[in-house]
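**Q** Sequence:
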Amino acid sequence: MAQSDPTEILLIHHRWANDRLLEACVKLADEQLDRAFEMGRGTLRKTLTHVAGAIGRWGDLLADRELRPMLDDQVLSIDELCAFYDEVTTDFELSVRRHRPEEIVSRELHGKSYGFTRGGVLTHVMTHGVHHRAQCLNMLRKLGVQQLPPVSVVEWMMMADPV
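Residue numbers (the working numbering): 2 to 164.
Check each hint, because a few of them may be wrong.
[To be verified] Think about it this way: if two alpha-carbon atoms lie no more than 20 Å apart in a straight line, the pair counts; the simulated PhoX-like pairs of lysine-lysine are:
hint, residue 1, residue 2
1, Lys-47, Lys-28
2, Lys-113, Lys-28
3, Lys-47, Lys-143
Just so you know, the hints here were simulated from the structure itself, not pulled from any lab data.
Between the sequences and the hints, there should be enough to build the whole structure, so can you do that?
**A** Written as structure tokens, this is what we have:
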């Protein structure tokens, strides 16, 4: 049966879209993953690493844990990135599903404390992923990848969650 709960659609689509993107990136050489572009974090690898790190850090917030360090300066292999995406996505999904979206979580940013609803954090992480997946698709296009991975919600509904 097709999914109709918005939270579940967001979570399931997010994982599915990231998996499709990573599957396309596994086929690339390191030189392609590290080719410089004037978008995103500058390369596919850096953009993918940034997004995985963000999922992990926001997941830490939702789980009421100390925030892990930013990953932006680390160079992970594509296999390490795939494993890390799976780990942080599973953790994020569990944290979202354990709590009500109207609950408040707090985080300090640049010396100032902010409160966020859990639903707001979910929305941010999902839209952040969409933003960077679009950049990654553009990088793949510029690398000459002919068959770009499907990543939109409509593609997910047609391919993975049909009515």
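**Q** Run every hint past the structure and note whether it holds.
**A** Status of the hints after comparison with the structure:
1. Lys-47 / Lys-28: holds, 17 Å
2. Lys-113 / Lys-28: Violated. Lys-113 to Lys-28 sits at ~42 Å, over the 20 Å cutoff.
3. Lys-47 / Lys-143: holds, 16 Å
Checked against the numbered hints above, the structure violates only hint 2.
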